[in-house]
Amino acid sequence: MTERIPGFSTLAIHAGAQPDPTTGARATPIYQTTSFVFESVDHAASLFGLQTFGNIYTRIGNPTNAVLEERIAALEGGTAGLVVATGHAAQVIVFHCLMQPGDELVASKKLYGGSINQFNHAFKNFNWNVVWADPEDISSFERAISPKTKAIFTESIANPGGVITDMEAVAQIARRAGVPYIVDNTLATPYLCKPIDHGADIVVHSLTKFLGGHGNSMGGAIVDAGTFNWSREKRYPMLSEPRPEYHGVVMHETFGNFGFAMACRMLALRDIGAALSPFNAFLILTGIETLPLRMQKHCDNALAVAQWIAQHPKIAWVSYPGLPGDRYHSLAKKYCPNGAGAVFTFGLKGGYEAGVKLVSNVQLFSHLANIGDTRSLIIHPASTTHRQLTDAQKIQAGAGPDVVRLSIGIEDKDDIIADLEQALAD
Amino acid sequence: MDHNSYSDSYIRGILNTVKTIAMVGASEKENRPSYFAFKYLLERGYKMIPVNPGQAGHTMLGQRIYARLADIAEPVDMVDIFRASKYALPIVQEALTLKPRPQVIWMQLGVRSNEAAALAEANGLKVVMNRCPKIEYGRLSSEIAWLGVNTRTLSSKRAPIGGVQRMSLNRTSAPGGVTAAADRVQREERDR
Numbered sequence: 001m002t003e004r005i006p007g008f009s010t011l012a013i014h015a016g017a018q019p020d021p022t023t024g025a026r027a028t029p030i031y032q033t034t035s036f037v038f039e040s041v042d043h044a045a046s047l048f049g050l051q052t053f054g055n056i057y058t059r060i061g062n063p064t065n066a067v068l069e070e071r072i073a074a075l076e077g078g079t080a081g082l083v084v085a086t087g088h089a090a091q092v093i094v095f096h097c098l099m100q101p102g103d104e105l106v107a108s109k110k111l112y113g114g115s116i117n118q119f120n121h122a123f124k125n126f127n128w129n130v131v132w133a134d135p136e137d138i139s140s141f142e143r144a145i146s147p148k149t150k151a152i153f154t155e156s157i158a159n160p161g162g163v164i165t166d167m168e169a170v171a172q173i174a175r176r177a178g179v180p181y182i183v184d185n186t187l188a189t190p191y192l193c194k195p196i197d198h199g200a201d202i203v204v205h206s207l208t209k210f211l212g213g214h215g216n217s218m219g220g221a222i223v224d225a226g227t228f229n230w231s232r233e234k235r236y237p238m239l240s241e242p243r244p245e246y247h248g249v250v251m252h253e254t255f256g257n258f259g260f261a262m263a264c265r266m267l268a269l270r271d272i273g274a275a276l277s278p279f280n281a282f283l284i285l286t287g288i289e290t291l292p293l294r295m296q297k298h299c300d301n302a303l304a305v306a307q308w309i310a311q312h313p314k315i316a317w318v319s320y321p322g323l324p325g326d327r328y329h330s331l332a333k334k335y336c337p338n339g340a341g342a343v344f345t346f347g348l349k350g351g352y353e354a355g356v357k358l359v360s361n362v363q364l365f366s367h368l369a370n371i372g373d374t375r376s377l378i379i380h381p382a383s384t385t386h387r388q389l390t391d392a393q394k395i396q397a398g399a400g401p402d403v404v405r406l407s408i409g410i411e412d413k414d415d416i417i418a419d420l421e422q423a424l425a426d
Numbered sequence: 427m428d429h430n431s432y433s434d435s436y437i438r439g440i441l442n443t444v445k446t447i448a449m450v451g452a453s454e455k456e457n458r459p460s461y462f463a464f465k466y467l468l469e470r471g472y473k474m475i476p477v478n479p480g481q482a483g484h485t486m487l488g489q490r491i492y493a494r495l496a497d498i499a500e501p502v503d504m505v506d507i508f509r510a511s512k513y514a515l516p517i518v519q520e521a522l523t524l525k526p527r528p529q530v531i532w533m534q535l536g537v538r539s540n541e542a543a544a545l546a547e548a549n550g551l552k553v554v555m556n557r558c559p560k561i562e563y564g565r566l567s568s569e570i571a572w573l574g575v576n577t578r579t580l581s582s583k584r585a586p587i588g589g590v591q592r593m594s595l596n597r598t599s600a601p602g603g604v605t606a607a608a609d610r611v612q613r614e615e616r617d618r
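For the protein sequence lines, the chains are A and B, in the order given.
The first sequence lines up with residues 1 to 426 when you count with this note's numbering.
The second sequence lines up with residues 427 to 618 when you count with this note's numbering.
The following block holds chain B by itself, in its conformation from the complex:
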């Protein structure tokens, strides 16, 4: 699996399949990027479960915050890691103890761990690194284009509507404009 570039169909497939997402590192502080992503995915219909030991027992956007993945009583389809890269491996190790196991390990924008990815993949899990599921949802549904963002997709098909100012992930699209310079800088920063 090439973790430098994912096909749109791979990402779309994951976002279309998972229903319950545990976000490790979700913060109840409403100016934090994790809060933004959590709220957006919750509004898009995912069952969102926040995991944050420092805020355990609190409620965030109506969802109880858990101290650790193991405390969650229901099956989790995807673990979204919103922590520094060095924590990714222990979080994957913890995720692999869940029964049933999650199907996807997603590491947030800026989070990468080849070790964590290899362990998850060896156990049959799908892995995404260094991406934000909110941005990917917005990109593949084309909602993010309302902010002038290059979705890197093209489509000649009418996109299905998800509601007022809501677009659906189930949109037919082909690859569009590339962002080679930004991608190169991202690789250089990772390798530094």
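One chain only, chain A, in its complex shape:
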């Protein structure tokens, strides 16, 4: 008899969360504690030596956070997860486990601006060097590979929207180069797309966005697909060499196909310290329970708004892969058949001044720098997040003077459209 495999909505509610073993509490309790008592000196030694499973200190692990970790791992189809303070922290932790000074990562140049900053500036200080590739020319990833390359990094749906990465093609290049393929799946969420099914070895998330979904909690996550053989070429000493922190334990040998998640927790998070608050984990867990409902509504609304905007006389162009005719439409249908996400950009014929006027006139949309909220959000990058750049740099970054970014919420779509209509009418 084959065992029944639960569907996505069931996992979104149940994975990782069983009734509390002590109290029977059905919702996941918030274990708001820094530390956990040891049963004995022996028990403490087993925990510190990684010989038993359990909790020591919330910087390393916490039972509320653990429910969120298993939930995300189950939704992505990975062997294990780790949650941390933010999406940025997740990236630092992943690369801390992969990179030595002087090493390189190959990254898509169509990324969230915050990630571009992190790779260009913070990572440079660690002497981790980013080599940019172009998702519109997949062979540019191949050309960017060098003997120093330790990973390839892309987003599934790239922020600020509009670009769908051909992940299977990039995964093949990573496979040939013998390096892990890392995908930031923040904009798609596993409801729309599971990068592990398309060849990703590691998935990262900003939980702050659609997974948490309510604009109330920062958080980040790492999912180990359990697919990369860290021991084959021994190019990743954090995984394949005896670790002095743990009496010579070899993480991949000891923990097998969740060794990367263990290295992220026990070698990186332990020492870097970007732990997630259990309270945030609770709020994000509650958000994930309705992810399938919310994400479908986000996408349905976004498509309706994009269609409406596309025919508006003051609009020059719309970049939304959900629209037939968009250059990424066929990739969107392949990788995100249920919807092309809810974040996209469009251009105003009136340029910079029209952008400023639009964000000033909206009444329902919130003018702020986040995405993935229940509320509809708007930003004019040229006058806010990207204002310090030159005009040429703004255009290169997809933040030209005419560009407006929307993150469509789950209000009634007619109200969202009506707000844009009145804001554009002026």
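Not one of these hints is a red herring.
Straight-line C-alpha distance at most 30 Å; calculated DSS-like pairs for lysine-lysine:
| # | chain 1 | residue 1 | chain 2 | residue 2 |
| --- | --- | --- | --- | --- |
| 1 | A | Lys234 | B | Lys512 |
| 2 | A | Lys334 | A | Lys297 |
| 3 | A | Lys394 | A | Lys314 |
| 4 | A | Lys234 | B | Lys455 |
| 5 | A | Lys333 | A | Lys314 |
| 6 | A | Lys394 | A | Lys109 |
To give an idea of the interface, some chain B residues facing chain A are shown, with a C-beta separation under 7 Å as derived from the structure:
| # | residue |
| --- | --- |
| 7 | Gly564 |
| 8 | Glu569 |
| 9 | Leu573 |
| 10 | Ser581 |
| 11 | Ala585 |
| 12 | Gly602 |
| 13 | Ala606 |
Since the hints were derived computationally from the structure, they do not count as laboratory data.
We put the beta carbon where it would ideally sit given N, CA and C, even for glycine.
Use these hints to put chain B onto chain A, whose structure you have.
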């Protein structure tokens, strides 16, 4: 018997039935994976007997290390093979000479031998290959979830507690999230 995927009830049944486990290839070196698994199972209440000719006569976590299975004076319920796959067949052959015979042959994560499995099954023994009993115990009790591991189980029943930071195997669970990509890679590496 499909040795590519075992039902949770099959694994749980074995771990709930056996009491004495002889671990062939157990190492007294405390950074070795076999030491980790040995210590964990010992702490979970199994009578653990280490077998390692190179360390015979030593004591490991209070348990005397034997050179070979035949030297063990008491009945063994399960033989856990912590050696390279090529040694699995001779170890099964040796296990079949024990009186009484063990009920289970368990080959560790990364250890597979279809020949050894067929021989054991032909003699009425249960077989598990390419799994770690520590990880399976942690998964089915849900203890391993404290490390963010996908237990691939769901449950709406309150799980019994085995002690402070201890969970019990006697937990009601249904299948949960799958790890298809990792499973596929494991099969490909085996077939290579």
